[in-house]
Amino acid sequence: MPEVTMTVNGQEASGDVEGRTLLVQFLREHLRLTGTHVGCDTSQCGACVVHVNGQSVKSCTMLAVQADGSAVTTIEGLASGNELHPMQAAFHENHALQCGFCTPGMVMSAVDLLQKNSSPSETEIREWLEGNLCRCTGYKNIVKAIQHAAAGDAA
Amino acid sequence: MSNKLVGQSIRRREDFRFLRGEGRYVDDIHRAGVLHAAFVRSPHAHAIVKNVNADAALAAPGVVGVFTGADLEKDNYGSIPCGWIITQRNGEPHHAAPHYPMTRDKARYVGDQVAVVVAETLEQARDAAELVEVDYEALEAVIDMTKAMEAAQIHDEAPNNLCYDWEIGDQAQVEAAFAKAHHVAKLDLVNNRLVPNPMEPRAALAEYDKGTDSYTLWSTSQNPHMLRWMLSGNVTDIPETKLRIIAPDVGGGFGVKIYCYVEETVCLWATKQVGRPVRWTSDRSESFLADAHARDHLTRVEMAMDEEGRFLGLKVDTTANLGAYLSNYATSIPTYFYATLLAGPYATPAIYCNVRALYTNTAPVDAYRGAGRPEAAYLLERIADKAALDLGIDPVEIRRRNFIQPDQFPYDTPVALTYDIGDYEASLDKALTMIDYTGFPARKEEARARGKLRGIGLSSYIEACGVAPSSLISRFGAGAGLWESAEVRFNATGTVTVLTGTHAHGQGHETTFGQLVADALGVPYDDVEIVHGDTSQTPMGMGTYGSRSMAVGGSAIVKACDKVIEKGKKIAAHMLEASVDDIAFDDGTFSVAGTDRSKTMAEIALAAYVPVDFPDGLEPGLDENAFYDPLNFTYPAGTHICEVEIDPDTGVTEIVEWVAVDDFGTVINPLIVEGQIHGGLAQGVGQAMLENGLYDLESGQLVTGSFMDYCMPRADNLPSFKVGYTNTPCTHNPLGVKGCGEAGAIAAPPTLISAIANALGVDHIEMPATSEKVWRMARSAAAAE
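Residue numbers (this note's numbering), protein chains in the order written: chain A, 1 to 155; chain B, 1001 to 1785.
One or more hints might be untrue.
Pulled from the structure, derived: some chain A residues nowhere near chain B, Cβ distances all over 10 Å [what the hints assert, rightly or not]:
#1 Gly10
#2 Glu12
#3 Gly54
#4 Met62
#5 Gln66
#6 Asp68
#7 Lys116
#8 Ser118
Quick look at which bits of chain A chain B covers, simulated, 3 or more residues with Cβ under 8 Å [stated by the list, open to error]:
#9 29-36
#10 43-53
#11 79-92
#12 97-111
Think of the hints as simulated: they come from the structure by calculation, not from any bench. Positions of the beta carbon are idealized from the N, C-alpha and C atoms, including for glycine.
Only chain A is shown next, with the shape it has when bound in the complex:
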C-alpha cells in the first residue's frame, strides 16, 4: 500500500492507504478528523469540502495519493484557538446552520469564495454555492452570513 504524507492543519500526517482511498477517508478514518463529512457519493453535496494548497476541493473527489505532499486545511484547522474564523463567526451570528452536517463544507467553500472574490453579489454567492447542498436552512441565512463576512462586520 502506498504511503502518503501531507500537512494537515499545520501538522505533518502520514499513513498507508489503498490506491482507491479517498482524501476524505484518509482524513476521517486514518486521522480521525471527523469534522469533514460525507453526504453523497456523486460529488454533489459539498459536505466534504476542504482546502488543498489553499483551494477548496471536494475531498470525496480526490484520492489520498493525489494529496501526497500537499497542505490540507480542514474545518478543524480554521479557527485560531478559541477565536472563530470570521466566516465561522458570521455563520453563528446569522443562524446559517441548523443540523450542522453541511456546515463544515459550506464554511470551507465560503472562505474560498471570499479569497477569490472579496465582495460577491448575492447572485454570485448563490451561484458559487451550487456545489454545496443544505437541507435545513433554505440558504438565505448562509448567503447573509457570507455577505456579512465579506463586509467584515461579523461578530
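Since the structure of chain A is already known, use the hints to place chain B on it.
Positioned in the frame of chain A, the structure of chain B alone reads:
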C-alpha cells in the same frame, strides 16, 4: 435577571461544536474492534429469493460472516411493526403485512435487504457483498398505483395489494350539498413522491457487552425511546433494560429518521453474533433506495359552491402509495394526518374523503416534513384557486368569503378536529400588504416588457401539529400516546440539568429550552444544560417530529419547573420562618410577601442537598420530572404569497418575491423560528418545482436515485424569503406556542404552483413544475394566443 430571554433571538449555543467540526454524529464515533456491514440489496423490484450462495463472499479477505433473514429468524427476530391500526370502511383493520429484518421469501422493492456481509473494513465488506450470489425468480413489478389492484400480489396478507379502504366525513351530507350547488370545481392532482434526503445519511453502530448481556445502539434517530420500544417490544427478545439507544448529533431528520429500519436492526443482531461492534453508514445511493419516501398521492377533488363562491361541500378521492412494506406510521399519514385537515381554514360544512392505500414494489412511504398536511393543503388551495377561476372571483376574495371567523372558535370541523383559535384574515391581510398585492398588475406589465411572464399566487393553510393528544389519537388507531417528558434536576451548586424526551437534529433545543428554563427558574442561561438523545439518561420520551418539541416537550419542561418552584417554596418557607402561602417566587428569588427576607434559587438548591435546616417530612433534593399530554393539537395557520417570473424561451422559473405570514402563537426565539420557516419553504419549493421520486413503471428501478438525477433545491433556486407573524396564542398549552417546523413545507407547494399557473394563464400545472414542463405549457399558451 429582569430581562426575559423568551422572545429574544439568542444565537445558538450548539453552533460552536458544529462550526469547529466538533459535532459528534454516529459515523464519527469510533469503537475498538469495530466491524463493517454491507448489505446485499435486491436489483429486482419483485422477485422470489430462491437461494443465497455466500461461499465466495465468505472466502474473501476480511470477511467475518454473511447472514440472511433466516439467521435472524432463528434468534426470534420478528417483524418491524406498524403501530397505527386503520379501521376500514367495512369495519376491518387494515391488511398488515410483515416486514422482517431482511426478507425471508421475496424481494419487494429495488434495494430490499437480502443479505449482509460483515467484514474487517468497509471496502472488504462491500467487495464481498458483490460476491454473494443470489438466485432470483423475477416477478411482475407493481409500480403504477392506477393498476396495482389488478396486478401481481405483493403480500399474501393483502389481496389486490390493498392495505385499506378508509373514509371520513358524511357522504350523504356531501351528496346533498352537491345536489344543490350552483357550481362544482374539479381537479385531478398528483402529489409527487419525495425522497427526504437529510444531509447526514442514516447510520448505526451496535455493540454487545457480554458481561452484562446488554447492547448499545448508536442510531441516527429522532426518537431513541420509540426505537428502543419497537426493538424490545416487537422485533427482538432484548428487554428494554438491556438495550441502550444513543442518538447523538443527528444531521437532519425531517421524518425519515423516526422509523425503526432493517439496517440498524441487523447491526444489533450481528454484534452479538460476531462478538464485536458492528457499524453501517448508508451511502447516498442506499438512502435513495431504502430510506422511507414521502407523499405519492393521486387525488380527485371536487368543491361544490353557491353563486357567491361559498363552499358547500368537499369531496376527495385519494389513492395513496404505501410502498412495499408498512413503515412504522405509514398507515396514519394518508388518513388521520391528511383527511382530518380537509376543512383547512374554511368553514366548508360538509366534507367526505375516501382513501385507498396500496402496496407497490417501491420503497416504503411514511411521514416527511408536514406528513399528510401538505397533501391536504395542496388540494384545498388548488381547488380554491380553481373555484375562483371558474366563478371569476379574485382568489383572495374567495378565500376571505370562506374563512372560519375569529368568533367561531373553538371550531368543530366536519372531519374530527376542533381548532382552538386563529385569525386567518389577519395573516392574509398582512401578507397582502407585505407583497403589495395591489401593485402586482404594474409589475406584471413591467415584466412583460422584458419578455418575462410574471405571476402571483397564494395559499392560506392551516395545519395540526404539536402531536398529539393521546386519547384523541388512540381513538384514531394509534398504538402509543404522544405525551412528552422532562426532568429538571438542580445540582448542589445551583446549576440545572434538564433532561428532555424530545430530540434535536437541527432545531436548536439546547438554546430554546435553555431560554425557557432560565426564565422559568430565574437562573443564568449558561447554568442550564439540556440533555437529550440517550435512553440511559433521559426519561421515557417520544422524540421529535410533528412540530411537537416546544408545544409538548417545552410544556413538560414548564410543568417540571413549576414543581421545582413549588418544592422550593416549602424549603424557603422553612428557612425564612414563614408560611408557604406567604412565599412569592419571582425571577429566581423566593421572598416573604411584604418583607425584604428572601432566598435565591441557588441557596434553595444547596439547602435541598444539604438538608440541615429543612422542613420535617420533606424529601431532600431538588429534582422534579413531569409528563405533559397535550389537550389538543396546535393549529398554526397563515398565508404565503409569492411572485415568479418565467422566461418563456427556457421555461426557467425565478421566484422573485416570497412573503410568509404565519401565526405560531408565542415565539420563543424568532431567529430560530425564522430558520425553520426558511427550511420548510425550501423543501416545499423543492417539491413544487424540482424534486420527483420516479420509478420506471416496467422494471421498478428508481430512476431518480442520486443527487445527479433527483434535483435538490440549491442556493440559486431560492429567493430571500420575507417572514412576518401574527399571533393568536395557543389556548391549551402553558406557553401559548404552536408548532413551526412544518408550516413552510405545507404552505409552499400550493403557493408556488398558484403563481406559476397564474404566470402561464392556465388552471393548473402538475408538480414538479420543472423548466421543461413550464416551457411546454408556455409554448402551448403562446400557440393558443
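Here's how the hints hold up against the structure:
Distance check on A:Gly10: its Cβ is at least 15 Å (rounded) from any Cβ of chain B, clearing the 10 Å threshold; non-interface status holds. With a cut of 10 Å on Cβ distances, A:Glu12 stays outside the contact zone with chain B, its closest approach being about 20 Å. With a least beta-carbon separation of about 18 Å from chain B, A:Gly54 lies farther than 10 Å from that chain, consistent with its non-interface assignment. At roughly 17 Å, the least C-beta separation between A:Met62 and chain B is larger than 10 Å, which holds for a residue marked as non-interface.
The non-interface label for A:Gln66 is consistent with chain B: the shortest C-beta to C-beta separation is roughly 18 Å, beyond 10 Å. A cut-off of 10 Å between C-beta atoms confirms that A:Asp68 is not in contact with chain B; the least separation is 20 Å. Annotated as non-interface, A:Lys116 keeps its C-beta farther than 10 Å from every C-beta of chain B; the closest such distance is 17 Å. At the 10 Å boundary, the C-beta of A:Ser118 stays outside the reach of chain B, the nearest C-beta of that chain being 19 Å off.
Coverage of the stretch 29-36 of chain A by chain B holds [criterion: at least 3 residues with CB-CB distance below 8 Å; count 5]. Coverage of the stretch 43-53 of chain A by chain B holds. Counting CB-CB distances below 8 Å, 3 residues qualify, and the rule asks for three or more. Counting residues of the stretch 79-92 of chain A whose CB lies closer than 8 Å to any CB of chain B gives 5, so the stated coverage by that chain holds, three being the minimum. Residues of the stretch 97-111 of chain A lying with their CB closer than 8 Å to a CB of chain B number 9, which satisfies the three-residue condition for coverage.
In this structure, every one of the numbered hints holds.
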